[in-house]
Structure formats: structure tokens, C-alpha cells
Amino acid sequence: MSSSTRKFRFDTLLIHGGTEAGPAGATTVPIVQSSSFSHATAEELEDIFRGRRMGQVYTRINNPTTESLERRLTLLEGGIATIATASGMAAITTAVLTIARSGDEILSSSSVFGGTFSLFRDTLANYGIAARFVDPTDLAAVRGGVTDKTRLIFVETIGNPKMDVPDIGEIAAIARQAGVPLLVDATVTTPCLARGKELGADIVLHSTSKFINGTGSAIGGAIIDLGSFNWDSAKFPHFQPFVTKYRNFAFSARARKLIHKDFGACAAPMNSFLLTEGVETLALRMERHCDNALQLARFLAVHPKVQWVNYPGLPDSPYHGVASRQFGGRFGGILTFGLADKPASFRVINALTLAKNLANIGDAKTLVIHPASTICADYGPEEKGLMGVTEEMVRVSVGIEAIDDIIEDFAEALEQA
Amino acid sequence: MNLTVNGKPATIDNQETLDITTLLTVLKVETPEYVTVELNGEILDRENFDATSVKNGDSIEFLYFMGGGN
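Chains as they are written, first to last, in the numbering used here: chain G, 173 to 589; chain W, 387 to 456.
It should be emphasised that the hints constitute simulated quantities derived from the structure, not laboratory data.
Heads up, a few of these hints could be off.
[Said to hold, decoys possible] Dumping the calculated DSS-like pairs for lysine-lysine here, alpha-carbon to alpha-carbon at most 27 Å:
hint, chain 1, residue 1, chain 2, residue 2
1, G, K433, G, K477
2, W, K441, G, K179
3, G, K556, W, K394
4, G, K477, G, K528
5, G, K556, G, K514
6, W, K394, G, K179
7, G, K321, G, K407
8, G, K369, G, K321
9, G, K417, W, K441
10, W, K441, W, K394
11, G, K528, G, K556
12, G, K407, G, K477
[To be verified] Computed list of chain W residues with no C-beta within reach of chain G, every gap over 12 Å:
hint, residue
13, N388
14, N392
15, P395
16, D399
17, E402
18, T403
19, T408
20, E416
21, T417
22, T422
23, N426
24, I429
25, K441
26, G443
27, E447
From the three backbone atoms N, C-alpha and C, an ideal C-beta is built for every residue, glycine too.
Model the full assembly from the supplied sequences, consistent with the hints where possible.
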């Protein structure tokens, strides 16, 4: 009996969505650790290559374990199709290169993750795709950033590590007016806080390595096509063959049959298995991440050695209102705070015993990092300013440990500030 | 009715006409959520699957974008 049904509620879809019964009654998704797949006849394989029937070919193209994860993510976001990729950066690269070509522009939030900023500003520029960066919370700036060369708008649901929260519905309206798709990186909110379809995105991206995996055990990414954008447009002549043949699936078809296939940043079956396992507990974990982050934010906000705390769950955050509305009264598991200066930040990080000092977010474990000297170290003051990165800033990805242990860890470490 | 499905003859007993959504079930088309349907050379929009019917002599092609070729 198949569990592939849309009638289940969200928390049930997390566990059962898109899965088929495994061999011998297995209740977890089988890990199909095979590079390629044989077929009985030449005609059968020809039909698969011609798209006349479904079938496995080669794990760079598709794989049963990965397809199971893709089906589940599609259901969770309310989309029509998903491509799982080797990493979150692979997902962004694949999605953007599916849409934009040499001579085109992309309009991006200036507060995107450093890796994304580097991809857009430096790497894609080498291939003729120019990025314009605007403050995503300044709607006039977003509107003013659109040119006749713009082919997509890109934002994060919560900027990392700036912690700014754009009004995605308003940006979606700007994108619609401009006739370009809105790509939303929802890594830090996950579909638990906001489903892509309800946000107004056309394409949702995830680094599934983060909260979706939840245990820091696998790297992965995902591109979810929400099927909402009309690619039958003079702005996208390169989509015409795909619109003609695949209609609503034009984006997914072009992505899968060209960029994903050719660049080869495919998901590994073992990682797809680990990520699918992570999805099952996502709702419970996100609830705890959000609760713990709010409690830690409140503790830090009144601590005498803490200069400032940036967490959209705090009422004095300039993004509290829009975050409350967009994310159903929850605010994610990440916060930043400032100490007197960089040495004070280092002393506190060095004094933490529970929280791990590392470059990741979304783990069950509490993680900290000093962004200015690590993930944003390659950027000068101007770029750091755009990204909201300051020398005294510490980023915390609040884990799901007992909150009293987390707060005690920070309380003791702050004595060294 | 007699149809041509992906270039091969197919017979559906006791039916003079069927809408596309039902046809996908009757023909046990794999992963119908991903299939594109071409009826007599014309690609159908998914929202028209319920309102579009096949009849005797029609030619149907099912297309997937998931496979390896172009």
C-alpha cells in the first residue's frame, strides 16, 4: 500500500509522505547504493531515455532513495517536483543556471549566506551573469533593482547571519510584476515554519544539510519547483522547448535534463537516506530549536556583558512583525549577539563547553561561530556591512539540548567576556 | 475503444470514452503526478486532465522529464 497521498496533515507527511513500502516490510527507505540500473530490453531503456516511461538509469540522473526524498520534500512544500542535489550550494547553482544565461542579471538580497554571495558576485560573474544586491527589507530598493535584464529575484527567509526578515509576499508581488520568478532559500525556516507555496515563492531552495538533516551527518540540497511561474515568456526563450513539451514542469525538466545532469552535482543515496530520516523528526526538532532560541535570546538580551541580541523572536527586533506573520509565531533556531569587541567574542567562544565552535547550523547540537573571522573572512568592510557581519558578533545555532544546560553554558562563558 | 499509447495499440474494454485522469489510473501509468500527456499531437495542461477525454482511435503519448535523455 502506498503512502503517497496528499490528504495527510503536515506532521504525518513528514513521516509518511512520498514513501513506498520497502522490501521485506522495511519501514525505512531502502538505500539503493547502485551507480546504475539494468533493464531487460533495449526497447525499455530507449523508452526511459525518451521519457516515455519512468525508470532508473544512473544515479547522477536519478536514484530510488533520492527520489523518495524528493517526493517527500515536494509534498511538504506544496510543490510539483523536487531535485535533490549534492549540497545546498549545488541546489542554488543548478536553479540559477537553469534560469539565467550569459548577459542576464539576478537580483539578490544583500544579506544572503556568504557562500551564496560569493557564487553570485564572483563565480557567476565569470560566466556573464551579473548580480545586483539590494536590502531585501527595503521594498523600494528591491523594486528599483529590477532591470530589463533581471531574470530572477533571490532571497533567504531569514538572512544568515544578518537575521533580517524580508516580506516575501511583497517581494513575490514585485517579481510577478517584473515577470521573473522568485527563488527563496528557506534553509533556516524549513517547511515547518513556512511552506514555500504559502510564502509566494516560485522555487524553494534548501541546504538539507542543516535542519532537515538535523544531526550534522550529511550534506545535501534541494530545489523544489512550486509550478507557479509561467515560463512561456519572451524573457525565457530558452525555456520554450520545455514549455512546449512539459508545460508546467518546464523548469524541472530544463533543470533535470540539462544543468543537473550536465554539472553532475547529484545527491548520494546514503545521504538521501540520512536526510529522509531527518525529515521525520523535523517538526519536533524545529519546535524545540525555536523554543530554545527564544529562551536563550531572552537570557542574552538582559545580560550585562551582551551589547545587543538579534533574533526576530524578540519584540524589539525590527523584523518581529513580519516574522510573526510569515512564520506562524515561531522565529527559527539561529540568533546573533554582540560583545564588547572581537577579543571578547573569542574569549566567550573559547569558554563554551557544551556549544561547539564550528561552521554549520541546524544541528541538534548547539553551535557557535565568529562569522567575521571565518565564514565571512574573505569579505571587506563594505561587504560585511551588507551582510550585517560585525567584528563583535557571535552567531549561535541553538540546539535541542535541555535549555537550562545551554543557558548555563553561556552564563559561565560570558564571565570571560 | 482502441487507442495508440506510446506508439503501440491498446484496447480498453467496455469504455467509449474516458477522461485523462481516469485513463492514467486504468492504464496504471507510473507516477502520474510527473507525467505529461500528449493527445493526438497536442500537449495537455494538467488542469485540463479531468475535462479532456479520449475516444476510439485517439493517440496518446506519456512523457516524463525524469529520465536521462533530452
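Enumerated hints in conflict with the structure, sorted upward: 1, 2, 3, 6, 12, 14, 20, 21, 22, 24 and 27
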